[in-house]
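J.: Residues per chain, in single letters:
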Amino acid sequence: MTTDTPFARRPHEKSLLSVRGLRKTFGEREILKGISFDVMAGQTLVLIGPSGSGKTTVLRCLNYLETPTAGAIELAGEPVGGDYVGEPPRWVPLPEHRLALQRSKFGFVFQRFNLFPHLTALQNVAIGPRKVLGLSAAAAQARAAQQLARVSLAEHMDKRPSQLSGGQQQRVAIARALAMEPRLILFDEPTSALDPELVHEVLDVMGDLAREGMTMIVVTHEMGFARRAADKVIFMADGHIVEEGPPEDVFTAPREDKTRRFLTHVLNR
Amino acid sequence: MTIDWAIVEMAIPLLAVGTVMTLKIASVATLFGLTGGIALGLVSLGGWTWMRWLVRGYVDFIRGTPLLIQIFIVFFGLPLMGFRLGEFWAGVIALSLNSAAYIAEIARGTVGSVEKGQTEAAKSIGMTQGKILFYILLPQSIRPMVPALTNDIITLLKNTSLLSVISVYELTRSGQAIIASHFAPLEIFALLAIYYYAIISVLSWISRVIERRLPAW
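One line per chain: the protein sequences are A and B, in this order. Counting from 1, one number per residue, gives the positions in the first sequence under my numbering. Counting from 1, one number per residue, gives the positions in the second sequence under my numbering.
Pulled out of the complex, with its shape left as it was, chain A reads as follows:
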């Protein structure tokens, strides 16, 4: 792997994303109780665990859709959400426009797609490159068309989200994320809102992306996908990381009781 980022010169080299001691409280409830992990460039990390374990909150904290209560996130060596300023260093949150720019480096695919209903598929994908990256209208459209072709939706470019199936909508959402040329993509239960027969078309696209070397963090209940596509699996429960490792270890020889119970439960559904 080649990288010219300062991160490469650090001890934990090559890690594209590094998360240390991530905590999040909502009022009195502590949802994340200190989460740390690394993702290497090109890796696919799958987060599994019972609902309410905090998986989605991890994703939402990474790109600051939720502001973490404590902890450090670094993307390619750059602190996310703020920076240390002065001597002694003091944490200062980023101003809105810089935070927005940083967010655009994380693609995000939502459970409920969240496509813009007033725009066509092409416009949904082109609006980011056009309005955020400042590409010309023609260049933004060309890029959008290219990404839609990549998720096999070239012939549906001019349809609005309401004219597309759930699986097609989610693929548009993936193309929308890809068009920003993010460093990594976060998937928040991308197939949970889909009819069962449409799940595979989204998982196929995600599998292709993983093979092409896209860095991804995926929260999912699709254990088959986790087994096939993950380089690393993290099992979370109750705001903690219980166990992590390559899928063959976590799925076939889990070390922790909690993991075993969870897996028996979901695999025998």
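Treat each hint with caution, since some may be false.
Listed next, the in silico SDA-like pairs over lysine to any residue satisfying Cα-Cα at most 20 Å (straight line) [what the hints assert, rightly or not]:
(1) B:K116 x A:F26
(2) A:K159 x A:A142
(3) B:K158 x B:L23
(4) B:K131 x A:L133
(5) A:K105 x B:K131
(6) B:K131 x A:A137
Some but not every residue of chain B turned toward chain A, in silico, with C-beta under 7 Å [said to hold, decoys possible]:
(7) T119
(8) E120
(9) A121
(10) S124
(11) I125
(12) T128
(13) K131
(14) I136
(15) P139
Hint data in this document are derived by calculation from the structure and do not stem from the laboratory. Small disclaimer: the values here were computed from a predicted structure and weren't measured. For every residue, glycine included, the Cβ atom is placed at its ideal position computed from N, Cα and C.
Since the structure of chain A is provided, determine the placement of chain B on it from the hints.
T.: Quick look at chain B alone, frame taken from chain A:
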């Protein structure tokens, strides 16, 4: 009781002159009120905190005081500030300021109620608050805003009658002039009611057509 039909016949064209003035004032004030109101609504959703408080205070003042008083304040206040614009513009400004406050509330409510996932998706592709409002939330809010806006424009149109107190020669004022010289209040007020009712019926019809034409998803 007998209706004096001769007066009615004489009044119809005279009132038409006032109607033209009413429509003029209402359309200019609607234009200002709409643009100003939507801008204020967006500020109260996405502006800096001190701007939000300013808008909040403005809306509170307008809602908390009678329009009649606002009209007098503008009418007597503008010349003190060095603006001698005459009663027409004083009236237009007073009505615009008034409706902008109510429209700001409509805009804030409608734009603010667009599903939260839209804002999150826009944030996730790196949009800032201003871009999110302008490109994502506002376009989705226009159609749901139309019925409430129609209500406010109707109110504005009826409120033009209050400008008779600063001697703007609009529909009501033109009726009062006829009453003063011929003393036929019932006939004239009934006619005025019919005129207003007709104008507002047309307005409601236009609004329904617009709502139907606007794209729905």
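J.: So, for every hint listed, does it hold in this structure?
T.: Taking the hints in turn, this is what the structure says about them:
A hinted pair counts as satisfied when its Cα atoms are at most 20 Å apart, and K116 of chain B with F26 of chain A qualifies at roughly 18 Å. At roughly 17 Å between alpha-carbon atoms, K159 of chain A and A142 of chain A fall within 20 Å of each other, so this suggested pair holds. Restraint check for K158 of chain B and L23 of chain B: satisfied, since their Cα atoms lie roughly 11 Å apart, inside the 20 Å limit. Of the pairs offered as hints, the one joining K131 of chain B and L133 of chain A holds, with about 12 Å between alpha carbons and a cut-off of 20 Å not exceeded.
Distance hint between K105 of chain A and K131 of chain B is fulfilled; the C-alpha atoms sit about 18 Å from each other, no more than 20 Å. The straight-line distance between the Cα atoms of K131 of chain B and A137 of chain A is roughly 16 Å, inside the 20 Å bound, and the hint therefore holds. Interface hint at T119 of chain B: violated, since its Cβ lies 9 Å from the closest Cβ of chain A, which is beyond the 7 Å cut-off. With a least beta-carbon distance of about 6 Å to chain A, the hint placing E120 of chain B at the interface is held under the 7 Å criterion.
This hint holds: A121 of chain B has a C-beta 4 Å from the nearest C-beta of chain A, less than the 7 Å allowed. Hint status for S124 of chain B relative to chain A: holds, with the closest Cβ pair at about 4 Å, below 7 Å. Interface restraint check for I125 of chain B: the shortest CB-CB distance to chain A comes to about 4 Å, inside 7 Å, so the restraint holds. A least Cβ separation of about 5 Å between T128 of chain B and chain A falls short of the 7 Å threshold, and the interface hint therefore holds.
At about 6 Å, the closest approach between the beta carbon of K131 of chain B and any beta carbon in chain A falls short of 7 Å, and the interface hint on this residue holds. Proximity of I136 of chain B to chain A holds as hinted, the smallest CB-CB distance being about 6 Å (cut-off 7 Å). Hint status for P139 of chain B relative to chain A: holds, with the closest Cβ pair at about 5 Å, below 7 Å.
Checked against the numbered hints above, the structure violates only hint 7.
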